[in-house]
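Asker: Residue numbers (the UniProt record's numbering), protein chains in the order written: chain A, 1 to 197; chain B, 1 to 197.
These are calculated hints, taken from the structure and not from any lab test. Worth double-checking, as some hints may not be accurate.
Because identical chains share one entry, a pair is satisfied inside a single copy or across any pair of copies.
[Stated by the list, open to error] Computed list of lysine to any residue pairs in SDA-like fashion (alpha-carbon distance at most 25 Å, straight line):
(1) Lys181 with Pro106
(2) Lys102 with Glu146
(3) Lys104 with Phe46
(4) Lys181 with Ser5
(5) Lys100 with Ile42
(6) Lys100 with Leu184
(7) Lys9 with Asn70
(8) Lys181 with Val142
(9) Lys9 with Thr30
(10) Lys181 with Asp160
(11) Lys87 with Glu161
(12) Lys181 with Asp163
(13) Lys102 with Arg17
(14) Lys181 with Glu119
Protein chains: 2
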Amino acid sequence: MSGPSGVGKGTVCANLRHRMPELIYSVSATTRHPRQGEINGINYFFKSREQFQDMIANDALLEWAEYVGNYYGTPRDFVDRTLASGKDIILEIEVQGALKVKQKFPEGVFIFLMPPSLEELRQRITGRGTENADVIDHRMSVAVEEMNLLRHYDYAVVNDEIDAACHRIQSIITAEHCQAKRILADMPQLPAASEKA
Amino acid sequence: MSGPSGVGKGTVCANLRHRMPELIYSVSATTRHPRQGEINGINYFFKSREQFQDMIANDALLEWAEYVGNYYGTPRDFVDRTLASGKDIILEIEVQGALKVKQKFPEGVFIFLMPPSLEELRQRITGRGTENADVIDHRMSVAVEEMNLLRHYDYAVVNDEIDAACHRIQSIITAEHCQAKRILADMPQLPAASEKA
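Same shape as in the complex, but just chain A (with noise of 0.2 Å):
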């Protein structure tokens, strides 16, 4: 799941997590330091920029990005792991980083979280109160150019109220282990039509 920054992945994400406790959560690798309350391997795993290095020196992480002087990437190993368990696994991640997993996992189902409008996005950029309009500016024209990379997603969801938003979600998610594509190849060779069952 991914969208333009201040879309309000991270609120959606954390209502999903009440309304669907057997999905599970993609935990990002960090640089930066916890905050107050944030726990290594349930918010994020920390780890030194040296650690982080390592990572990807050796190619354990689905695809990472340096932001603001931190490091954030996304270990390659849960996500395997959770796969390979049978289970669902959710990436709450950046457009950028969203489209590096596709060419790792073109498999996966990609869900863009829009804005009601740019109007919207706009109010809830502002809203945060920690910006001047300078970065507001910058942040809207990136904002933009994120929303252009909707067509390499596979579903858009509406962020317009947030019940809303994570029914969709959930529905997507249902839908998809519906998909005849999915069923077809994990199931059990028919009889032959010829054949009586």
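Using the hints, position chain B against chain A.
Answerer: For chain B alone, coordinates are given in the frame of chain A:
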């Protein structure tokens, strides 16, 4: 929505009607006589053989078939008018008919209702108590043949339990409305990426 004979299409559809009153149900045309309580235009459009043959001649049917001496078909006009009004329409339809509809509406969503197992399907067919062993064997071999057509469908929904099957179909409808390709087709052009929002 389609699936082998005996899988429970009618029961699932009746249940969906209660759950999704906003969904429009396609009404078939038939030359068979109305059963007690059946209403023209609600259960079927009841037609004479001459009227039905005129509809065939005028290409007024999306698909049609003759079954035990009676014609059954899907009037194209009702489907077209519903789609033009922006509503969703569901067709409860035999497997062969669904494949004909797919030729005319490749953008439709094709759901295959599956029995939990072939043993369970035989029990359901037998359970109706109206058929002899030869008829049941014949219907089973037709059903197996129809199961092999699953690969032409978008989704497979196992009808293990009526509420669960209906929930899956509702999820599929919700998810399809979130498909990026549908949303992109309906979306006004975004501002160019370089332009400030």
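Asker: May I ask which of the numbered hints given earlier this structure violates, with the numbers listed in increasing order?
Answerer: Hint check: nothing fails, all pass.
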